[in-house]
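> Using the sequences and the hints given, assemble the complete structure.
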Amino acid sequence: MLKGEQQKIIHNGANGKVNAFITLLYPLNKVKFKISKSRTSNDFVNHLRNVKRYVKSNRVKRFILVIDNASFHVSRKTKYFLNKQAQWLTIIFLPKRSPNLSPVETKVNRNLKKDICANHNYQSEENLIVAVTKYLKSIDSWRRL
Amino acid sequence: MIKDIVINKSPSTFGYLKNTWSIRLLAKHLSKELMMNVSPMQTWRIINELGIKYKRPKLALEHDEKDYKERQKVIDNYKRISSALLKKSSFRI
Numbered sequence: 074m075l076k077g078e079q080q081k082i083i084h085n086g087a088n089g090k091v092n093a094f095i096t097l098l099y100p101l102n103k104v105k106f107k108i109s110k111s112r113t114s115n116d117f118v119n120h121l122r123n124v125k126r127y128v129k130s131n132r133v134k135r136f137i138l139v140i141d142n143a144s145f146h147v148s149r150k151t152k153y154f155l156n157k158q159a160q161w162l163t164i165i166f167l168p169k170r171s172p173n174l175s176p177v178e179t180k181v182n183r184n185l186k187k188d189i190c191a192n193h194n195y196q197s198e199e200n201l202i203v204a205v206t207k208y209l210k211s212i213d214s215w216r217r218l
Numbered sequence: 007m008i009k010d011i012v013i014n015k016s017p018s019t020f021g022y023l024k025n026t027w028s029i030r031l032l033a034k035h036l037s038k039e040l041m042m043n044v045s046p047m048q049t050w051r052i053i054n055e056l057g058i059k060y061k062r063p064k065l066a067l068e069h070d071e072k073d074y075k076e077r078q079k080v081i082d083n084y085k086r087i088s089s090a091l092l093k094k095s096s097f098r099i
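Line by line, the protein sequences give chains V and X. Per this note's numbering, the very first residue in the first sequence carries number 74; after that it's consecutive. Per this note's numbering, the very first residue in the second sequence carries number 7; after that it's consecutive.
Hints should not be assumed to be uniformly reliable.
Straight-line alpha carbon distances no greater than 20 Å define the calculated PhoX-like cross-link-like pairs of lysine-lysine that follow [unchecked claim]: (1) V:K81 x X:K64; (2) V:K187 x X:K64; (3) V:K187 x X:K24; (4) V:K129 x V:K169; (5) V:K81 x X:K9.
Covered, in the sense of this in silico footprint (three residues per stretch, anywhere, with C-beta under 8 Å from a C-beta of chain V), are these stretches of chain X [to be verified]: (6) 60-68; (7) 78-88.
Just so you have them, the derived chain X footprint on chain V, three or more residues with Cβ under 8 Å [claimed, not checked]: (8) 77-86; (9) 95-108; (10) 201-213.
Note that these hints are calculated values from the structure, not bench results. Every value quoted in this text rests on a predicted model; they were computed, and no experiment measured them. Positions of the beta carbon are idealized from the N, C-alpha and C atoms, including for glycine.
Next up, the structure:
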């Protein structure tokens, strides 16, 4: 902006929220994601089923998943599901309060928030979902991870 | 042209997946538009000459009440004359 001026973002005072479960397939720099309105164990398990489909179709022998200690990652329902997937899945939990150790946090989530969510008012949740989906689909071509 | 792009338009209108302009993105856009290589350093120089500064946008509430402006006028009027009213009341005491 010009000196002495400031851009105004007009909004109606009510904030909506959309949750995205994002898994970064690390050496490939591809992203698997699922967008949902709630953030429960069931949503996380549904996301893992998507990942499982990808793993089975690409014939990956072993998939190592690094996750943090969010409540829906360590819940009884999720643990029950994860124990059943032991033949193809290995889980590593991050230490408490250390998001700097996980690459998805520093490489995807930070840029997603900076580029898409910050400094903009989306009129509806659907518009936000469209923008986030577009960004995550093109992330491997858009930015060097 | 650059002033109009940077101040009035968001990068998302040109199809970029960003909401704010950066020097590197603007250089990329200009070199695409002008069909010649424009470096980020040169873009920075142009922007400095135009007097454009980096600034974080500010959130502003949109009021949908019908009589908002009238009520704002009444409050502004009281703000204006409050010092005079205070002087009057102190005289009475």
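> So, for every hint listed, does it hold in this structure?
Each hint tested on the structure:
no. : hint            : result
1   : V:K81 x X:K64   : 5 Å, holds
2   : V:K187 x X:K64  : 16 Å, holds
3   : V:K187 x X:K24  : 8 Å, holds
4   : V:K129 x V:K169 : 31 Å, violated
5   : V:K81 x X:K9    : 17 Å, holds
6   : 60-68           : holds (count 8)
7   : 78-88           : violated (count 0)
8   : 77-86           : holds (count 9)
9   : 95-108          : violated (count 0)
10  : 201-213         : holds (count 4)
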